[in-house]
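*Asks:* Let chain A serve as the given structure and place chain B with the ligands on it in line with the hints.
One line per chain: the protein sequences are A and B, in this order.
Residue numbering for the first sequence follows our numbering, starting at 1 and increasing by one per position.
Residue numbering for the second sequence follows our numbering, starting at 1 and increasing by one per position.
No lab work stands behind these hints, which were simulated from the structure alone.
One or more hints might be untrue.
Stated by the list, open to error - Derived, one-sided and incomplete: chain B residues facing chain A with beta-carbon distance under 10 Å:
# : residue
1 : Ile180
2 : Gly189
3 : Val199
4 : Gly203
5 : Leu205
6 : Pro278
What the hints assert, rightly or not - Distance ranges between label pairs, derived from CB positions:
# : chain 1 : residue 1 : chain 2 : residue 2 : range
7 : B       : Val63     : A       : Ala131    : 53 to 61 Å
8 : B       : Ile31     : A       : Phe243    : 53 to 61 Å
9 : B       : Asn176    : A       : Gly186    : 35 to 43 Å
C-beta atoms are modelled at their ideal positions from N, C-alpha and C, and glycine is treated no differently.
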Amino acid sequence: MYPTEVIRIEKLNKEFYTRKEKVVAIKDLDLSVSEGEFLCILGPSGCGKTTLLRILAGLEKQTKGKVFMRSKNPEKPLTSMVFQGDSVFPWMTVAENVAYSLRIRGFPSDKRLDIVEHYLKLMGLDKFANAFPYQLSGGMKQRINVARAFVSDPEILLMDEPFGALDEQNRLILQQELLKIWDGTGKTSIFITHSIDEALLLADRIMVMTAHPGKVKAIVPVDIPRPRDILSLRSSPRFATLFREIWQLLQEEVLKAKTTEFKA
Amino acid sequence: MSLLEEHVYKNIEQMNIVIKEEERKPKTKLINKAIILKFLTFLSPSLLLVLWELFARWGLIDVRLFSSPVMIFKTMIPMLYSGELLYHTLISAQRILLGFIAGAVPGVVLGLSMGLFPPVRASLMPMVAVTFPIPKLAIMPLILIIFGLGETSKIFTIAIGVFYLVLINTMAGVLNIDEIYLDIAKNFGASPFQFYTTVAFPGALPMIFAGFKLGMGTALLLIVAAELSAAKAGVGWMVWRAYDMFDIEKMFVALITMAFLGYIFSCLLDIAEKIVIPWANNRR
Ligand SMILES: Nc1ncnc2c1ncn2[C@@H]1O[C@H](COP(=O)(O)OP(=O)(O)OP(=O)(O)O)[C@@H](O)[C@H]1O
Ligand SMILES: [Mg+2]
Chain A
1 MYPTEVIRIE
11 KLNKEFYTRK
21 EKVVAIKDLD
31 LSVSEGEFLC
41 ILGPSGCGKT
51 TLLRILAGLE
61 KQTKGKVFMR
71 SKNPEKPLTS
81 MVFQGDSVFP
91 WMTVAENVAY
101 SLRIRGFPSD
111 KRLDIVEHYL
121 KLMGLDKFAN
131 AFPYQLSGGM
141 KQRINVARAF
151 VSDPEILLMD
161 EPFGALDEQN
171 RLILQQELLK
181 IWDGTGKTSI
191 FITHSIDEAL
201 LLADRIMVMT
211 AHPGKVKAIV
221 PVDIPRPRDI
231 LSLRSSPRFA
241 TLFREIWQLL
251 QEEVLKAKTT
261 EFKA
Chain B
1 MSLLEEHVYK
11 NIEQMNIVIK
21 EEERKPKTKL
31 INKAIILKFL
41 TFLSPSLLLV
51 LWELFARWGL
61 IDVRLFSSPV
71 MIFKTMIPML
81 YSGELLYHTL
91 ISAQRILLGF
101 IAGAVPGVVL
111 GLSMGLFPPV
121 RASLMPMVAV
131 TFPIPKLAIM
141 PLILIIFGLG
151 ETSKIFTIAI
161 GVFYLVLINT
171 MAGVLNIDEI
181 YLDIAKNFGA
191 SPFQFYTTVA
201 FPGALPMIFA
211 GFKLGMGTAL
221 LLIVAAELSA
231 AKAGVGWMVW
241 RAYDMFDIEK
251 MFVALITMAF
261 LGYIFSCLLD
271 IAEKIVIPWA
281 NNRR
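The shape of chain B in the complex, shown without the other chains:
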């Protein structure tokens, strides 16, 4: 055995010992902690529901305005069975997904370019800086005039909201990459394309995902507004429809569905993040 090998073996032995110790002690603790935390996450909303129901029954809140969990549930069940709820959910989910992709892809590409190449940044930044603060809701009428009342205008509204957030986060992600990584790539003779694939893109990925998550939040916001005008289906449309009919139960069903939809999308993003960024140190 060479000196080096011996040394390495020693290192490995030492490491094993350390890892074993680490695993043994806190693992049981960790599991306990996880169970308690899980329990808490279920406990507090359940408690709230119970209180809500009780208050409604005791007449402490106006049932015409706030409904009650049982009444909402009774409205929800037939909507679930008839497929009505699923239909509207899928329509909204599709709009969100298409709008998200249509906004995120150019956001990433442009964000990378603006982060990597100062001339690109210098020429595009003024336009981004000026148009970004315009509330996306304010340009909806314009979008409707340009794209008409069909699907395109809804998808475009969502896309534009997602686009800015992803663009700005991606650019910040690239600008925050430690300069030494760019130097290495340069020293090893990387082409501009290789700068993208081996440094800029992976280095900015954590920030890109932060942008995706913010963008998803905005998408959920915009879907309600987009479905307010000229829609005949969708969860956002359900909310407005219930408003017109003064059907509080249906409105709550729509809101719950909306929350559920947002939860699913954020879970999907979390899973995607874990798969795409395996190098992140997740030992929190």
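Same shape as in the complex, but just chain A:
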């Protein structure tokens, strides 16, 4: 691994065995992520994006291949994941959910409170700190998921379509907030999305995956200067070029995924 590299994946393979058949989720995937990089992953549904993230999070073991991850600060957790879909603990209040990682690591409660309050404010949840999740909207719950991962202050942040369930307005606002937080911390981040807009706004590089089985189809560097915001981004000519480039890559794969579905 070279000095600034924090993740290196070599010939990664992941197969699932169901009762009837073998599903190849990821095939011979190579990837390298540098420190402080923001990588977005785009790909058709079912191509293995979540599986890749789960392997990085230590929730799944690869079938073949090597995954290296460099920890620079053993005090911090290596990864924290924002899960796809609703993953808020229903039995904890908003504040308890957000503070979860700190509780696990045994932080004293006064210290916990400061950190949690900061992120609750940032995510616009401070008024609901003591509410239970069933009292909240889907968008608010999604914000809890993001806040919970940020609070744990990991070396690598893994986000699986964190804004997927949000309406357009909420999504724009939270993207902007995420950029602000990220600019401040410069945390290595891997972010799965289905939105090319979102990827172009957030990413240093975009990895496009092939349909089933998942491989790297292309890696596109996003050479649009930061700080970015959605308004100036959309009006920049570079954005239009990149959008078209990625859409073409993606289109092929989505269509391919469709046809294989028909065959099956």
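*Replies:* Here is chain B with the ligands on its own, set in the frame of chain A:
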């Protein structure tokens, strides 16, 4: 104001409006409905009592077998005053409570372990599966031989009935917890003990309480059987004593007390559930 704050304030405003509307309209309706329902819950048993009394007076039912509400009441009053009824009730309540705790606590602990750890489940499940279907009444003689005729055997009988129901419900509760919650705990590095306290236990709590309620039903069943043999007091004993004496009124008094006892215990469990599970969505 930042864009985000503005957005949040807007959200809150909208929410307030919605809540107000929700509160205003159905609340009066809800109260009316509640009153009617309360009324009905009193009406139907009262009606039954009146009919019973009338039938007894008109000679439509045999008073020697079915007694009548007034006769039962006349027997009950002196028993209440003398403290006899309270004495037997407290003795039975104590046995039920001790037996319940003795069965529920290990039931929860073991149920959590079996739910969380496949090796534990694999090694204990066969024994549970084989012994669970044995009617608890059938092992009472064995319990009597082992523990003798004292309090222990009665408490143990109840405990064993409660234990299985709580164990099986707790385990099912843990197994039904959405896997994503276990993944979160794992991703954040929770220790096995923290798995218990932050995911398995709270996640299984609704099912644990379902087990408690079933267990309480069984406890009431078993107390009568337990007090049949070698008891000198208790509501169950009262039933059997009345049987020996052919004292139908006393038997009814004991049965009513039993119903009352069961009602109190189930109310207590409901209250405990509301306190322990504040996150449950109770807007039914
Ligand atoms: N536990 C599992 N058992 C069997 N097959 C699985 C399992 N998890 C995932 N798969 C399969 O692996 C493939 C990749 O799944 P994955 O969840 O990684 O897709 P994804 O790219 O995240 O899709 P989406 O964009 O819809 O979230 C799919 O074909 C899926 O059916
Ligand atoms: Mg996915």
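*Asks:* Answer holds if the nearest beta-carbon of chain A is closer than 10 Å to that of Gly189/B; otherwise answer violated.
*Replies:* holds (6 Å)
*Asks:* With chain A as the partner, please determine if Leu205/B meets the hint condition of a C-beta pair closer than 10 Å.
*Replies:* holds (7 Å)
*Asks:* Per the hint of 53 to 61 Å, is the separation of the Cβ atoms of Val63/B and Ala131/A within bounds?
*Replies:* 60 Å Cβ-Cβ, so the 53 to 61 Å window holds.
*Asks:* Can you let me know if the beta-carbon spacing of Asn176/B and Gly186/A is within 35 to 43 Å?
*Replies:* holds (41 Å)
*Asks:* Do the numbers back the hint for Val199/B, that is, is its least Cβ distance to chain A under 10 Å?
*Replies:* holds (8 Å)
*Asks:* Tell me if the interface restraint on Ile180/B is satisfied: Cβ within less than 10 Å of some Cβ in chain A.
*Replies:* holds (5 Å)
*Asks:* A closest beta-carbon separation below 10 Å is what the hint needs, so does Gly203/B meet it against chain A?
*Replies:* Where the cut-off is 10 Å and the nearest Cβ of chain A is about 7 Å from Gly203/B, the hint holds.
*Asks:* Is the interface hint for Pro278/B satisfied, with its Cβ closer than 10 Å to some Cβ of chain A?
*Replies:* holds (7 Å)
*Asks:* Given a hint of 53 to 61 Å, does the C-beta separation of Ile31/B and Phe243/A actually sit inside it?
*Replies:* holds (58 Å)
Against the hints set out earlier in the document, no violation occurs for any number.
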